[in-house]
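Going by my numbering, the sequence shown opens with residue 1, and the numbers climb by one from there.
Hint data in this document are derived by calculation from the structure and do not stem from the laboratory.
This one's a predicted model, so the numbers in the text were calculated from it and none came from an experiment.
A portion of the hints provided could be inaccurate.
Said to hold, decoys possible - DMTMM-like cross-link-like pairs, simulated, lysine to aspartate or glutamate; straight-line CA separation at most 25 Å:
(1) Lys580 x Asp461
(2) Lys372 x Asp513
(3) Lys580 x Asp287
(4) Lys456 x Asp499
(5) Lys372 x Glu343
(6) Lys580 x Asp554
(7) Lys456 x Glu153
(8) Lys580 x Glu305
(9) Lys378 x Asp428
(10) Lys456 x Asp564
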Amino acid sequence: MIFLAPLALFGLLTLPLVWWLLRATPPAPRVQRFPAVALLRALRPHQTDAVRSPLWLLLVRLAAVACLVLGLAQPVLPGDRLPSAGHGPLLLVMDDGLFAASDWSRRIATAQGLVDDADHAGRNILFFRTAPAADGHAAQPPAPRSAAAIRQELDSMRPAPWRTDRAAAAHALTTLPHTNGSVLYLADGVASGDDEDFARALRAFGPVQEIRFPDASVLTLAPAAERTGTQMARLLALPLPAPRSLSVRVHAQDGGTLAVLPLVLPAGARQMDVPVTLPTAVRNRIDQISLAGQSSAATTLLFDEGDRLRPVGLMTSGAADTPLIGPLFYLRRALAPTADLHEGTPATLLAQPLSVIIAPDGTLANPAIRQKVKDWVKNGGTLIRFAGPALAGAQHGTEPDSTSTPNAPAGEDIDTSDNHPASDPSADPTADLLPVALLDGSRQLGGTMTWGAPQKLAAFDATSPFHGLEIPADVTISRQVLASPVADLAAHSWARLTDGTPLVTHAALGKGDIILFHVSSTADWSNLPLSGLFVSMLQRLTDHANGVTIPADDTLLAPVLTLDGDGVLGPPPPAARGLKASDSAHTPVSPAHPPGLYGPRAARRALNASSQITTLTAAAPVGTLTSPAGRRPDTALAPVLLCLAAALLLLDGLLVLAMRAGLSLPGMARQSPEKTSRKSSLRGSGKQGLSLLVACALTLPALASAQTATQAQAPAQSPDAAGPKAQPAGPVAGTLATPSPSAASPTPVPGAALETRLAYVITGHDEIDTVSRQGLQGLSDYTNARTSAMLGHPDGVRPGQDDLSYYPLLYWPITPDAAPTPAMTAALTAFMAHGGIVLIDTQGQDSGNQSDGSGPYAGDAPGTRSALRRVTAGLPIPPLMTMTDHHLLAHTFYMLHDFPGRYAEQPVWVAREGEAENDDVSPVIIGSADWAHAWAVDENGNTPFAVLPDGADQRQLAYRFGVNTIIYALTGNYKADQVHVPMLLKRLGE
1 MIFLAPLALF GLLTLPLVWW LLRATPPAPR VQRFPAVALL RALRPHQTDA VRSPLWLLLV
61 RLAAVACLVL GLAQPVLPGD RLPSAGHGPL LLVMDDGLFA ASDWSRRIAT AQGLVDDADH
121 AGRNILFFRT APAADGHAAQ PPAPRSAAAI RQELDSMRPA PWRTDRAAAA HALTTLPHTN
181 GSVLYLADGV ASGDDEDFAR ALRAFGPVQE IRFPDASVLT LAPAAERTGT QMARLLALPL
241 PAPRSLSVRV HAQDGGTLAV LPLVLPAGAR QMDVPVTLPT AVRNRIDQIS LAGQSSAATT
301 LLFDEGDRLR PVGLMTSGAA DTPLIGPLFY LRRALAPTAD LHEGTPATLL AQPLSVIIAP
361 DGTLANPAIR QKVKDWVKNG GTLIRFAGPA LAGAQHGTEP DSTSTPNAPA GEDIDTSDNH
421 PASDPSADPT ADLLPVALLD GSRQLGGTMT WGAPQKLAAF DATSPFHGLE IPADVTISRQ
481 VLASPVADLA AHSWARLTDG TPLVTHAALG KGDIILFHVS STADWSNLPL SGLFVSMLQR
541 LTDHANGVTI PADDTLLAPV LTLDGDGVLG PPPPAARGLK ASDSAHTPVS PAHPPGLYGP
601 RAARRALNAS SQITTLTAAA PVGTLTSPAG RRPDTALAPV LLCLAAALLL LDGLLVLAMR
661 AGLSLPGMAR QSPEKTSRKS SLRGSGKQGL SLLVACALTL PALASAQTAT QAQAPAQSPD
721 AAGPKAQPAG PVAGTLATPS PSAASPTPVP GAALETRLAY VITGHDEIDT VSRQGLQGLS
781 DYTNARTSAM LGHPDGVRPG QDDLSYYPLL YWPITPDAAP TPAMTAALTA FMAHGGIVLI
841 DTQGQDSGNQ SDGSGPYAGD APGTRSALRR VTAGLPIPPL MTMTDHHLLA HTFYMLHDFP
901 GRYAEQPVWV AREGEAENDD VSPVIIGSAD WAHAWAVDEN GNTPFAVLPD GADQRQLAYR
961 FGVNTIIYAL TGNYKADQVH VPMLLKRLGE
């Protein structure tokens with residue numbers, strides 16, 4: 001027996017000390033005679049306490065300590081040498097596959113020694129290799145051969161770069177005759193799916209001695225499960241009880257070393273990710289990754305052109321991207337694993353060395369930006385555009401609903417240029433950065449150009465970069481922008497729907513390309529962004545832009561360079577065959593398809609030896625396990641001793657409990673009742689004191705945390721108590737309660753976060769801001785009295801400075817001097833994108849727009865037309881239409897036919913049906929009826945402003961329109977549900 005930790009044996013020196021402690025007795029008590037105590041001698045004690053531990057209990061405890069000390073010393077029984085296995089024929093079986101390379105020299109030396117021993121004993125030798133032959137021929141049953149021939153074969157052998165085929169080996173070995181021979185099996189220790197048949201074939205020949213190499217490190221580098229910016233590979237291993245320190249070498253395309261990364265594989269770990277943190281430019285130069293000191297095909301991971309991170313720019317409009325519904329949400333997630341993403345405004349992206357820029361809907365409305373992007377495309381860039389409401393609205397420049405009224409806004413997201421491709425099909429559409437001319441509007445389910453059902457995608461043409469991609473059956477298109485039917489439309493189409501209309505079109509511009517997806521980049525127009533096809537299409541386009549054309553069909557990719565068993569790239573062997581591009585992802589390595597690089601450089605694919613390996617499992621022993629020296633494995637006694645120590649300690653605890661329960665056990669002495677009573681009282685008081693200490697320890701932290709929570713909550717219990725409930729309009733109005741000077745440091749909770757409030761934009765004009773506050777206060781009181789909504793007092797806000805996310809509705813009175821800032825525009829854009837509604841009121845008509853006085857009366861608001869165009873220039877305003885009593889807003893709460901304010905018969909503009917995002921809820925309502933003056937209520941409860949021309953009845957309708965607007969902002973398109981149709985028809989009939 002040997003001890004791996006002999007210093008732990010010094011713990012045995014503590015056994016005498018343990019004996020002394022357990023046998024120690026207190027001093028004998030002094031005897032004091034007291035006659036009155038004689039009456040107590042007749043009482044029998046209820047509990048018997050031992051003066052000292054019984055001898056047998058003391059021995060149990062000593063044995064437990066001894067076993068613990070010996071177990072920590074890690075004793076090991078060395079394995080004995082296995083005796084000779086007889087004099088019959090010897091079958092020498094050797095694993096020479098992928099996982100035998102790490103200990104190849106020892107494996108060959110061991111095999112040479114076994115052949116020499118068998119030759120000296122005069123035994124017939126049959127030699128068999130389990131890995132498929134490099135020439136691809138099927139395994140043949142072994143025949144007796146001379147020792148010299150086997151030695152010569154062993155000297156010339158190299159490990160194979162593919163796994164062993166134990167099923168074929170079992171088939172070949174079953175044809176051997178049954179003799180009195182023996183089997184020596186040099187195993188690699190890795191399990192496969194055919195081990196049981198293989199083991200039966202070996203045992204049928206004779207007793208099996210399985211030789212494993214304990215120092216062998218079975219490792220492999222596999223492709224990363226999920227491609228990210230840093231995770232480039234996975235390290236798979238057979239678990240070992242101790243951690244392992246490894247080094248990963250990152251090699252460039254020219255063979256140089258880019259980095260050496262240390263790794264520590266934890267004890268018992270089967271796999272771990274291999275992070276490679278390098279700049280993108282350096283990362284794209286990586287050609288292979290290997291483990292230092294582990295030269296084999298299993299520890300070498302090759303990379304092809306599909307593993308490069310292509311730089312891609314995502315164009316933004318300056319506003320925050322909304323999760324799940326933002327234009328960049330699905331693009332970012334589709335491209336993040338395979339591209340180096342750069343997000344920014346057009347000017348920021350054009351200043352970077354990018355080959356691909358993706359422009360969602362509404363980001364190329366500015367003519368100056370379009371010209372700069374056009375010059376960039378002419379110099380070789382690839383522009384990928386997506387359709388949407390802005391692009392569809394740009395084709396409606398002549399429709400009465402969108403331009404017949406002077407107050408209809410024209411924002412940057414609506415193309416206001418004079419170049420409309422739809423008006424002149426012969427014009428060059430690339431002038432507006434479009435690959436093809438587009439028809440007016442868009443086709444959608446239930447729209448003008450109606451579909452009977454959502455359309456599916458047709459198969460991709462052979463000339464399309466998407467050729468070979470599998471189209472899921474559940475991908476459907478419900479809305480698209482249509483291309484103008486021209487003679488060469490088919491030549492510009494890379495993807496079509498089943499009805500033949502284009503889905504993806506392209507056109508060359510200078511040295512670059514313009515590509516248009518005729519659907520939006522969100523899930524509003526189709527479910528394409530939700531599918532894996534979307535990811536593959538974008539990856540194909542980025543590869544195409546960088547000159548990479550990796551096929552996905554049955555194109556044969558010829559082997560260019562292949563790995564041998566030592567992980568060295570070289571010319572392919574004669575038996576290597578071409579690899580189908582469509583099968584490269586799930587083709588196992590074999591003599592016909594050795595690991596390596598296939599195809600020309602622009603379409604190169606890497607086939608790795610570990611591409612089909614997901615985990616490594618230790619193989620069950622086939623026979624008697626021995627080391628290369630012929631010895632059985634050592635037997636570790638530490639687990640047995642430690643388990644025995646734990647069992648003895650558990651037994652000791654059970655015996656002590658039994659003794660305390662009053663059971664009479666042999667060897668226990670009794671003592672007087674006085675001692676018993678005194679010990680019981682001391683033990684009881686000790687238990688009470690211990691319980692008190694435990695209770696205090698558990699109670700004090702709880703009291704401290706409760707006091708801390710009370711102090712932290714005190715400043716935020718009443719956010720409105722620190723400041724006035726309704727602040728006056730003007731520069732000091734805001735949404736945050738003003739904390740008292742004695743308040744704690746935490747930021748006060750905004751009042752709008754605790755109750756629903758309306759908001760108005762502070763204009764800087766005290767009179768207008770006061771009317772806005774009074775108007776929204778009057779509308780809030782009216783709504784609270786007639787609906788279940790509970791609204792607080794309104795807040796004045798400054799977009800770009802105050803947080804708008806707390807408010808469902810924002811009232812914006814337009815003044816002639818209104819001048820939005822970029823921060824204000826970005827804040828309003830984010831507010832509208834998250835579902836907020838902006839109610840824009842010019843509070844009258846601009847006299848410069850009224851050609852005569854025959855129309856309905858409205859107050860004069862000079863300069864508001866140009867101001868309206870200024871403030872909406874950067875907002876995502878969808879195509880608008882005049883609201884009628886058929887609109888959802890007309891019956892969200894009250895059934896209305898007119899929508900007056902202070903002035904009657906003024907048009908109200910909302911998003912055209914089908915053009916708005918967020919479940920077709922209009923993000924903007926524009927009018928000139930001056931609603932705030934009609935809603936206003938002063939401090940005395942009076943309505944200080946006259947309503948023309950119908951007085952109180954008109955004011956009542958104005959309040960009802962305000963209630964409908966609030967319910968519309970709170971519930972969205974709830975009343976558009978078909979379940980409400982019977983109720984609405986009944987009310988219309990009444």
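Please write out, lowest number first, the hints stated earlier that are contradicted by the structure. Checked against the structure, the hints that fail are numbers 7 and 10, while the rest are satisfied.
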